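Build out the structure end to end from the sequences listed, making use of the hints.
Listed below are the residues making up each chain.
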Amino acid sequence: MKQQIENIKQEFAQELQNATSVANLQELRVKYVGKSGVVTGLLRQIKDVAPQDRASVGNMINDLRKGVEVQLAETEEKFAQVELENKLKAEQIDISLLNGQQWGTRHPIDKVKDEIIDLFKGIGFEVCEGPELETDYYNFQALNIPLEHPSRDMQDTFYINDNILLRTQTSAMQARLMEKKGPPIKMLCPGKVFRADSDASHSPVFHQIEGLVVDTDITLRDLKGTLEYVAQRLFDEQTQVRFRPSYFPFTEPSVEVDLTCCNCHGKGCSLCKGTGWIEVLGAGMVNPFVLENCGIDSNKYTGYAFGFGIERMAMIKYGIPDIRLFFENDIRFLKQFKK
Amino acid sequence: MKAPISWLKEYVDINVDIDTLCEKMVAIGLEIEEVCYLGENVTNTVVGQILSIEQHPNADKLVVCQVDVKTSKIQIVTNSKTVKVGDKVPVALSGANLATGQHITAGPLRGVHSDGMFCGPEELGITKDYYPNGDVDGVLVLRESAVVGQDVRKEVGIDDYVIDVCVTSNRPDCNSVYGIAREIAVALGKKVKPLDVSYTEEDGDIAQYVDVEVTAPDLCPAYFMHAVKNVKIQESPLWMTSRLAKIGLHGISNMVDVTNYVLMEVGQPMHAFDESDLCDKTIIVRRANEGETIIPLDGKEYKLTNKNLVIADKTRPVGLAGIMGGANSGIKPQTELVVFEAAKFAHDNIRHSSRDLGLRSDSSARFEKGVDVYSVQLGLDRALHLVQQLGCGTIVKGRIAKVDEKPFNQTIAFNYSRIKQLLGIEIDKRTVKKILNSLNVEVEYKGKEIVCTVPPYRTDLVRYCDIIEEIIRVYGYDNISGTMLENSHITFGGKNQKDLFVDNCHGILTGMRYNQCIFYPFGGKGLYDKLSLNGYDMSHNIKLLNPLGEELSAMRTTMCADILQCASLNHKRKNLDLKLYEYGAIYLAKSLPLEELPDEKKGISMFASGETVNFDSFKCDVLTLLDGFVQKVHLERSKVEFLHPGISADVFVDGKYVGFFGKVHPTICKNFGLAVDGYVAQLDFDTLYTLKNDKFKYQTFAKYPPVDRDFALVMSEDVLAQDVLDEIKNVCSLCEYAQLFDVYRHESLGANNKSLAITVRFRDNTKTLKDTEIEEQVSVCLKALKDKFGAVLRS
Numbered sequence: 001m002k003q004q005i006e007n008i009k010q011e012f013a014q015e016l017q018n019a020t021s022v023a024n025l026q027e028l029r030v031k032y033v034g035k036s037g038v039v040t041g042l043l044r045q046i047k048d049v050a051p052q053d054r055a056s057v058g059n060m061i062n063d064l065r066k067g068v069e070v071q072l073a074e075t076e077e078k079f080a081q082v083e084l085e086n087k088l089k090a091e092q093i094d095i096s097l098l099n100g101q102q103w104g105t106r107h108p109i110d111k112v113k114d115e116i117i118d119l120f121k122g123i124g125f126e127v128c129e130g131p132e133l134e135t136d137y138y139n140f141q142a143l144n145i146p147l148e149h150p151s152r153d154m155q156d157t158f159y160i161n162d163n164i165l166l167r168t169q170t171s172a173m174q175a176r177l178m179e180k181k182g183p184p185i186k187m188l189c190p191g192k193v194f195r196a197d198s199d200a201s202h203s204p205v206f207h208q209i210e211g212l213v214v215d216t217d218i219t220l221r222d223l224k225g226t227l228e229y230v231a232q233r234l235f236d237e238q239t240q241v242r243f244r245p246s247y248f249p250f251t252e253p254s255v256e257v258d259l260t261c262c263n264c265h266g267k268g269c270s271l272c273k274g275t276g277w278i279e280v281l282g283a284g285m286v287n288p289f290v291l292e293n294c295g296i297d298s299n300k301y302t303g304y305a306f307g308f309g310i311e312r313m314a315m316i317k318y319g320i321p322d323i324r325l326f327f328e329n330d331i332r333f334l335k336q337f338k339k
Numbered sequence: 001m002k003a004p005i006s007w008l009k010e011y012v013d014i015n016v017d018i019d020t021l022c023e024k025m026v027a028i029g030l031e032i033e034e035v036c037y038l039g040e041n042v043t044n045t046v047v048g049q050i051l052s053i054e055q056h057p058n059a060d061k062l063v064v065c066q067v068d069v070k071t072s073k074i075q076i077v078t079n080s081k082t083v084k085v086g087d088k089v090p091v092a093l094s095g096a097n098l099a100t101g102q103h104i105t106a107g108p109l110r111g112v113h114s115d116g117m118f119c120g121p122e123e124l125g126i127t128k129d130y131y132p133n134g135d136v137d138g139v140l141v142l143r144e145s146a147v148v149g150q151d152v153r154k155e156v157g158i159d160d161y162v163i164d165v166c167v168t169s170n171r172p173d174c175n176s177v178y179g180i181a182r183e184i185a186v187a188l189g190k191k192v193k194p195l196d197v198s199y200t201e202e203d204g205d206i207a208q209y210v211d212v213e214v215t216a217p218d219l220c221p222a223y224f225m226h227a228v229k230n231v232k233i234q235e236s237p238l239w240m241t242s243r244l245a246k247i248g249l250h251g252i253s254n255m256v257d258v259t260n261y262v263l264m265e266v267g268q269p270m271h272a273f274d275e276s277d278l279c280d281k282t283i284i285v286r287r288a289n290e291g292e293t294i295i296p297l298d299g300k301e302y303k304l305t306n307k308n309l310v311i312a313d314k315t316r317p318v319g320l321a322g323i324m325g326g327a328n329s330g331i332k333p334q335t336e337l338v339v340f341e342a343a344k345f346a347h348d349n350i351r352h353s354s355r356d357l358g359l360r361s362d363s364s365a366r367f368e369k370g371v372d373v374y375s376v377q378l379g380l381d382r383a384l385h386l387v388q389q390l391g392c393g394t395i396v397k398g399r400i401a402k403v404d405e406k407p408f409n410q411t412i413a414f415n416y417s418r419i420k421q422l423l424g425i426e427i428d429k430r431t432v433k434k435i436l437n438s439l440n441v442e443v444e445y446k447g448k449e450i451v452c453t454v455p456p457y458r459t460d461l462v463r464y465c466d467i468i469e470e471i472i473r474v475y476g477y478d479n480i481s482g483t484m485l486e487n488s489h490i491t492f493g494g495k496n497q498k499d500l501f502v503d504n505c506h507g508i509l510t511g512m513r514y515n516q517c518i519f520y521p522f523g524g525k526g527l528y529d530k531l532s533l534n535g536y537d538m539s540h541n542i543k544l545l546n547p548l549g550e551e552l553s554a555m556r557t558t559m560c561a562d563i564l565q566c567a568s569l570n571h572k573r574k575n576l577d578l579k580l581y582e583y584g585a586i587y588l589a590k591s592l593p594l595e596e597l598p599d600e601k602k603g604i605s606m607f608a609s610g611e612t613v614n615f616d617s618f619k620c621d622v623l624t625l626l627d628g629f630v631q632k633v634h635l636e637r638s639k640v641e642f643l644h645p646g647i648s649a650d651v652f653v654d655g656k657y658v659g660f661f662g663k664v665h666p667t668i669c670k671n672f673g674l675a676v677d678g679y680v681a682q683l684d685f686d687t688l689y690t691l692k693n694d695k696f697k698y699q700t701f702a703k704y705p706p707v708d709r710d711f712a713l714v715m716s717e718d719v720l721a722q723d724v725l726d727e728i729k730n731v732c733s734l735c736e737y738a739q740l741f742d743v744y745r746h747e748s749l750g751a752n753n754k755s756l757a758i759t760v761r762f763r764d765n766t767k768t769l770k771d772t773e774i775e776e777q778v779s780v781c782l783k784a785l786k787d788k789f790g791a792v793l794r795s
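Protein chains in written order, with the numbering used here: chain S, 1 to 339; chain E, 1 to 795.
The set of hints was computed from the structure by calculation and includes no laboratory data.
Since we're looking at a predicted model, the values are computed, not measured.
Wrong hints could be hidden among the right ones.
[What the hints assert, rightly or not] Chain E is faced by these chain S residues, among others (derived, beta-carbon under 10 Å):
#, residue
1, Val-57
2, Gln-102
3, Arg-152
4, Leu-188
5, Arg-221
6, Phe-243
7, Ser-246
Beta carbons are placed, not taken as given, at the ideal position from N, Cα and C, and that holds for glycine.
This is how it looks when you write it as structure tokens:
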């Protein structure tokens, strides 16, 4: 009997080795440990064993059963692993078939606008927009540009009637803001502006961002510091800011602001026409006339204002040669300005 | 304002090179538009003297000259028959460039070697304003005094720079050579030499010749006349005509040139009348009579209104004030007695008249910018000085002066601490005084105050900030270093909620692969007509008074025209796969003609075309965007004219119309020239934003299991799936949701029928549902659908 059990053990080992699938294992399970399998057969024969050997033979049969079951389970797991691997292999596909879908893009004007806004947000500037159709009062008179003022000629204005026009500058928001909200003011007003002018560097519609600060103790140095902060983050850390005297009726002193050329870093190149500097915006200290006109005490408060041309910034930043490209919206142009 | 360096040097010692000069001018606020070297186009051309002339052996019309150019003797072949041995002539040597664009190289001419070419005035780019006989046709024979071998540019007066200064509108005093010289002196730290305005009155009395009456003093605050008799009209000297020529004027005759010279040098427009033409020896400065006409020196007739100011004699206008003199009273070769006019006219009146009449002149341009009353007499004095210097007549005693406004020295006093308050830097009192004195501003310190007395020509200096600007522009902006708002109050930065939500929409749209466009918010009938089947109704558009053209003349009331036009441009360039959007405004007048500012309603337009785009995909994009605003939208068949009537929808939220989307109508596609089918949407952002519901609270979700039932329902194509789904939710109290998962069409369903496959989920939040309860709900539902839509279960 003992010999018989040993033989069965070996026989099973042999058959297990020959098994190639989970189904084979199932057959073995039925054959050896099933209801009417080999192990059950052995148990039935135990009555024929001498009583003094019955306990040890019984143990051997039980060991055989456990051994068979454990080995079957182990092998089954191995087979399942192999089968899963085969299945995964069979499911392999050509991963290069479809190209990734590009995100849509923001228009470069809005992209630069948002970059500038983000910089100013961080230093306490509130963002607001004003009407594009504006009254003569806010666009001109409140800004110290009375009727017949010669500086009206600086800007070719589109009129709707004697009193309503398409704003020529986002500065038109200055007085609206100051009337609505007393100091301290730190405001940024982006938006469309309009001038009757059209060529490669002028568009009848373009975009500006007006900045206005009114508070106690605001000086020309603060204006320079603010613009340095923005320019160095918009272009690079080495960017320098230069003021040149200029004239705007609503600021006094007034300056044109140049930045060191972002292309040649001041050495002189075609972008800056060899000067090393690029003119980017107009700015100045708010004219006390404008403050007083809005009911702000010009003895107590001072302020500064500036106006970026967004297209100009974008043209410099991205090397765009013609302002008309912004408004043509060729998809091949738009898609270049990724996130 | 153009100014030749040679002219400026008469008033200020310019001892720096042209680049340094320009830099220093820019630094104090004189923007340089252009610097032009007059001799730029004439190179390698020298004064030569003809030593001998021989006939060309092979050509009758040519001669061969031996020429001394100091460094060598050269041979020139020329066709000039006028040159003589001993003549000094301009010689373009080999390699020379000339003003005519010619490039000269040495080489044989009909077999005889020529080292260069003799030049005429045209090749040198000069006229008789620059040089004697400067109008000769052929070789220019130079003056006896010309130095052989010298660069010819020096000899003919083109070795000079002309700088064109862009003068800001607050500085009319810089619209003159002397005004610029004054500023250059400040920039270089020099003293400007005074204008020589000395003259001697010799004879007679002005009262004998003219009497003046100003009946419109509001338009003419100052009017002066001074007479010159025994006038000899002749050409002006070259020093004068060449200066005028360098800035674009021509010598005409001495008396006229004097007025032009004063205009350019002092900035004071003047006019010279022939006294013999003044009827009754009278000048009246008055408003024109309605319909009165005048022929100014340009020879055209102008019809006037009483808004125009004229200079008249007893019977007729003899000049358009400040713009141009009359042809009936100008200087003629036989003029013997001249009356000079120097005046200040109201700049806005000159501006309007000049524009209304379409007649501009150097004078009117100057008056428009503003002439200060101080310069009026200065200019007149300078003119009389020049008359005497040129010896063109005898100055009559006496001056007529009709003056309403006198020059004065403005005084500006303010607390010295204001300088630091505005600039943020301390500048010591001595430096401030020195700077202001250099600008002819007198300074006195009284306690804490600084008292400034401003020269009469600086009408732009009115307040303390004007003086502070003068200080810093001379002191130098480079002395300002930046600070970061150290003393300001804390403010809260950022965008408002609405703008933040706009950013959200940009994110959703770009995430769905839409590309943002920006368009002009105005257009014309031509564009908007494309959007209509029977012509666009422009009666609601706000029109521009002075558009650049008809195509940019009306504020838009729709966003679709622009995005379709953009799609068309892209299609024409074979960019067919498009996903475009715009966030912009339409302009809706409350009433027309416009009395108050219109509504600038913000909206979003979308466009898509390409192989993967169809109504369902586009609708999905639009609804995804809308889901950012609201949870539930209602769609109806769209009535928008430019959309396909069967493949388009109007969008409603809470019963409010918020936009539309759909396939572009084939006729409209053709109008715009779209190459493939396109889908367009326009959504009213402002209204959607107001409907956006941000206030929500947490709601418990059901614990009990749902039961799903699927139905296939056959109905007419006219029935909208959404209506069916809505009805199911309406009638089934236990319906959690109903959704469509398939649409089936087959002839077996009957003509014009479709089958909708719908899943309905039932759930009771309070208990597990029993079969009987569900069956009851289903039968109610099926009955309702049959009654309302004729929908029946597919067999």
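Right, here's what the structure says about each hint:
With a least beta-carbon distance of about 55 Å to chain E, the hint placing S:Val-57 at the interface is violated under the 10 Å criterion. Hint on S:Gln-102 holds. Least Cβ distance to chain E is approximately 7 Å, under the 10 Å limit. For S:Arg-152, the suggested interface contact is upheld, since its CB lies about 9 Å from the closest CB of chain E, less than 10 Å. Restraint check, S:Leu-188 versus chain E: the minimum CB separation of about 8 Å is within 10 Å; hint holds.
For S:Arg-221, the shortest C-beta to C-beta distance to chain E is roughly 3 Å, which falls under 10 Å, so the interface hint holds. With a least beta-carbon distance of about 4 Å to chain E, the hint placing S:Phe-243 at the interface is held under the 10 Å criterion. The beta carbon of S:Ser-246 is positioned within 10 Å of a beta carbon in chain E (closest approach about 6 Å), and the interface hint is therefore held.
Checked against the numbered hints given earlier, this structure breaks only hint 1.
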